[in-house]
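J.: Protein chains in written order, with the numbering used here: chain A, 145 to 361; chain B, 145 to 361; chain C, 145 to 361; chain D, 145 to 361; chain E, 145 to 361; chain F, 145 to 361.
Errors might be hidden in some of the hints.
Identical chains share a label here; the pair holds if one copy fits it or two copies do between them.
[What the hints assert, rightly or not] Think about it this way: if two alpha-carbon atoms lie no more than 27 Å apart in a straight line, the pair counts; the simulated BS3-like pairs of lysine-lysine are: (1) Lys193 - Lys252; (2) Lys192 - Lys252; (3) Lys192 - Lys303; (4) Lys252 - Lys199; (5) Lys360 - Lys339; (6) Lys303 - Lys339.
Note that these hints are calculated values from the structure, not bench results.
Number of protein chains: 6
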Amino acid sequence: MDGGTISGEVFEICANIDDMTGEDLGAAMEILLGEGALDVWFEAIQMKKNRPAVKLSLLAAPGDEARLAEAVLRHTTTLGVRMNRCSRVMLARVSETVETEYGGVRIKRGLLGGEVVKEMPEYEDVRRIARENGQPLSAVRAMIAGGSGEAKRRFRHYKGGEYEYLGTARHSETEEELVLYRPLYNDSGLWVRPKTMFFENVTVEGKSVPRFEEIKD
Amino acid sequence: MDGGTISGEVFEICANIDDMTGEDLGAAMEILLGEGALDVWFEAIQMKKNRPAVKLSLLAAPGDEARLAEAVLRHTTTLGVRMNRCSRVMLARVSETVETEYGGVRIKRGLLGGEVVKEMPEYEDVRRIARENGQPLSAVRAMIAGGSGEAKRRFRHYKGGEYEYLGTARHSETEEELVLYRPLYNDSGLWVRPKTMFFENVTVEGKSVPRFEEIKD
Amino acid sequence: MDGGTISGEVFEICANIDDMTGEDLGAAMEILLGEGALDVWFEAIQMKKNRPAVKLSLLAAPGDEARLAEAVLRHTTTLGVRMNRCSRVMLARVSETVETEYGGVRIKRGLLGGEVVKEMPEYEDVRRIARENGQPLSAVRAMIAGGSGEAKRRFRHYKGGEYEYLGTARHSETEEELVLYRPLYNDSGLWVRPKTMFFENVTVEGKSVPRFEEIKD
Amino acid sequence: MDGGTISGEVFEICANIDDMTGEDLGAAMEILLGEGALDVWFEAIQMKKNRPAVKLSLLAAPGDEARLAEAVLRHTTTLGVRMNRCSRVMLARVSETVETEYGGVRIKRGLLGGEVVKEMPEYEDVRRIARENGQPLSAVRAMIAGGSGEAKRRFRHYKGGEYEYLGTARHSETEEELVLYRPLYNDSGLWVRPKTMFFENVTVEGKSVPRFEEIKD
Amino acid sequence: MDGGTISGEVFEICANIDDMTGEDLGAAMEILLGEGALDVWFEAIQMKKNRPAVKLSLLAAPGDEARLAEAVLRHTTTLGVRMNRCSRVMLARVSETVETEYGGVRIKRGLLGGEVVKEMPEYEDVRRIARENGQPLSAVRAMIAGGSGEAKRRFRHYKGGEYEYLGTARHSETEEELVLYRPLYNDSGLWVRPKTMFFENVTVEGKSVPRFEEIKD
Amino acid sequence: MDGGTISGEVFEICANIDDMTGEDLGAAMEILLGEGALDVWFEAIQMKKNRPAVKLSLLAAPGDEARLAEAVLRHTTTLGVRMNRCSRVMLARVSETVETEYGGVRIKRGLLGGEVVKEMPEYEDVRRIARENGQPLSAVRAMIAGGSGEAKRRFRHYKGGEYEYLGTARHSETEEELVLYRPLYNDSGLWVRPKTMFFENVTVEGKSVPRFEEIKD
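Kindly generate the complete structure, drawing on both the sequences and the hints.
T.: Below is the structure:
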């Protein structure tokens, strides 16, 4: 994490298409998502000879770009694509499951430096609850916003310091689950620690005590 | 002329198309203009199943709507069109040819009540002069703007009143050419008079004099 | 059928929306199609205060317009919709199932006067065959185009006249299945006849013979 | 109120413009809003001769349509507009000011039949609080959602029935302020009553008591 | 050919334009295509101050980018352009002229590895035939699809192996015409050979025989 | 200046957004312009699951890209942005204030090599004059076009050569004001010279004379 954000790369692959119908483009979007594109989108463009056309774009993770360029060549009418390597700047993301009266809802949080700058319930969870309960999406979001507000958790380290618990994250290489937290007594920002370790007991003066104990009001 | 504008009707014919390529839509636009549509245009729309599509619209003069609806059914893939009768409100328009150093340029003027609210050279004239003289369009427009400024003409009626000459118009039914002018001494607004009559001589006290004489500074 | 087309009416219902996310609009499209809208589509528009927004439009069959207007009010953030009654002009449509090496494919035909002006395989059939056989859509269409070409069928009436068989249509009120056909010996255009009647036998000179017998080359 | 919605009419006025710059169109939008258009918006369209163009649309209240059509003719380059009278279907709306820790916030509620189908804080209030407190819009909305949840108020009529208070509305003709409420003990839907009357005292068995008394938990 | 595709580079040049009319942009598209841009297109964008605007983009072959950037600066109102060097991935393309009842039609084929993944008649040929014969484009395409199906040609090498003939290609550097073909008896994929050599005779056991002889059914 | 244009770099930062309303996007545009983005614009795009969405783009001067990427992460709902370093090709620009009957108007001129290829009054000046004088924008532009035509100034150097004065420019590093001019007697193109020096007197044969003296007709 540099300056509170995560850096990476992504390939943007584009093709201008004026000889394929909307029906077939709709089908191509699904196929390309199925082939592993990170995102696929259409922009309406205007080409020569009064042709309304579509610019198909997709994002490919590094290593997938050649395979996905071929997929565009195979599943659309285009004879060529162009490809751009872009830098990527991302928020650190943590995800946590919050219990609500309608069951668990995953909450995504985005962090810039040590600060939570956004917090959103997973769209698919909101949609499922709305459908199951015959509620509009906005009502479900309001219900979750109430619930997740109460979900802010604080822990006290056995040495006395207090910390805000921000959720868990997975290590991109080892897939190990880590707890993300930050001290409330200074500005040293974000810290991670293996989840098993965060919740394990430690021996202090001959007694087994939790390393971090939740603070209940 | 009611309140300084001209009223009429026009039919707007539309079809949403998701099973025709941009290439073919470009060709269809030309065909429909050739069949007499007053205007043809495309809007990019987004239909079900992730389909990027096009809404084709055209304007038909009253009496042409059935024929043009059939032309859309014949020359596009759509199985049905929808049709709306709209009111139309238009500026009174007069057109005049102004002499410039590059030859004659038609100037369109739009009038609201007795006031000229817009004045534009014909696009095709501007384009021709730009091409013939290797000039950018903006330079040609500036040149014409200079020229047409000097083209404002005033006339004195043989009884003494002064009038601004605003150009000529054609009667929609008889195709007769009429002069459009307005008095400068009151607010009675626009008047038209047959062009032959405007420029003819009248006999005043036994002498033949012009009905209207141009005022040169 | 008037001038070879079918006339009707349809309601177009629209709302400009700048306070709903794309995620939620995507969900609303599905809901409104589920509620019986004939078509639902989005157009990108630009509203005041630099807001990129969406114009949601739908078509409602006469009688459904009030219910669907309420559905828009319920499932989107808009506080009001506008509604337009439009004329509709449609091709007469007939549908026929053509046998191909990959199974039956429905072919839609659109007719203007007595002329077939378009002929398209059902998109969903093309898509299914493409998926089942790992073929691109264009290859399946080409295969069907070959097949349906051979599907043109001619019949000889027991009195001797020859007719082109164009498929079947359903009566909008009675849902009765009708055969659509046209004489090949004059220009009297399209005719329909109940399907049972078309294919039944008639007694001619004491013998039971088919009313129409297919002509095999 | 018919079927729980309000009906009316609105004029949609449109012009396709290909001879005006984006700069000038941006200025025209402001002018037309200033002249009293209910809404003004742009759609990108594609016209003949490969021209990217803009369809300007506006909504005019009945009685304003001629004046606003002239405003379009005066403030844009178009020589003609088309105009459509549309039906309008709207939710009944009530507005209420809710006290929050950052001051009063107007809450709009939309009602379909007797049911509140949407509830939104006024955008300008949200924006002001966000600016004054250096908060993102989403945080302010969450704060208000919390606050307005607690704002649901119930009253007991002196005869014993309980009612939900839904806010106040103004009578379109008399501008009288009315309270909108609904019984909680049956399904008879929405009721309005002059605000002065709702909050006045009545004499019951010789004693002055409130007609409706708020129920505090 | 690497992985069955051709790699290259192309420059994408863009400018956001809010001070030029659609009329003039339509003219600029033609000029830029005339100056050698590989493609020119417009996207509708929304800029500050409520301005609807256009992003003009073009593709320039390497070596043309400086000249075409200057052409944009000269023929539009923009004061600056931005420029991106993109990778390009293209199908190998071969073109062949197929004889149909309406004359020769060029067929483009795109190849991925040794496989023909698309096959399209030249749009201009389809359009010409449609115009000359008063046929819709779809009917002409169907007719060609039938015709080009029969055009698949197989050859037998004088040593006995059978090959599918896929058309001819030109060498990008020498402009030499090459035949593209593939063996039908193994999976070794695509081969090219100078056209003169493909069709020349060779001397086998003292006799002059064609190197490849066409197989007629 | 290389080939008559100025080269540089600019960062293009983009994010596809489907979970933010148009209202909030309009507010974000203002915030990002306030944070120093060179340009901010929206394109309507179509994402998966039938979602109409917006691609937000901005241009950042080199050195500002990390800060502005963070601003997008903070002020929109996106969890990640992509970033592209682009080349930039710009016209040399000079600005001059021309006196008109309505006060000073800044005229921007763009130069390619030694040639003025565009000349535009500052939009904000045109708008201000239009507002103050109740004139349409087009009339103000025509008035300025007349005025700035007369503003072309020629100077004679004390050694006799004649020069066209093209306005003033500021040095990007020192902010020194420079006069931009070009000789009328040869093709050596553009020259700059400190403004103080251009207008100072020099001593020639014992007499103080202006280095450049304006030529009045």
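J.: Next step is simple, just say for each hint if it's right about the structure.
T.: Checked hints:
1. Taking the shortest alpha-carbon separations for Lys193 and Lys252, only the inter-copy value of 20 Å comes in at or below 27 Å, while the best intra-copy value is 46 Å.
2. For the homomeric pair Lys192 and Lys252, the shortest alpha-carbon distance between copies (20 Å) is at most 27 Å, but the shortest distance inside one copy (44 Å) is not.
3. For the identical chains of this complex, Lys192 and Lys303 are neighbours neither inside a copy (71 Å) nor across copies (50 Å), given an alpha-carbon limit of 27 Å.
4. Taking the shortest Cα distances, Lys252 and Lys199 sit within 27 Å of each other only across copies (21 Å), while inside one copy they are farther apart (31 Å).
5. For the homomeric pair Lys360 and Lys339, the shortest alpha-carbon distance inside one copy (20 Å) is at most 27 Å, but the shortest distance between copies (45 Å) is not.
6. Taking CA atoms no more than 27 Å apart as the test, Lys303 paired with Lys339 passes inside one copy only; the shortest distance there is 19 Å, against 60 Å between copies.
Violated hints amount to a single one, hint 3; each of the other numbered hints is respected by the structure.
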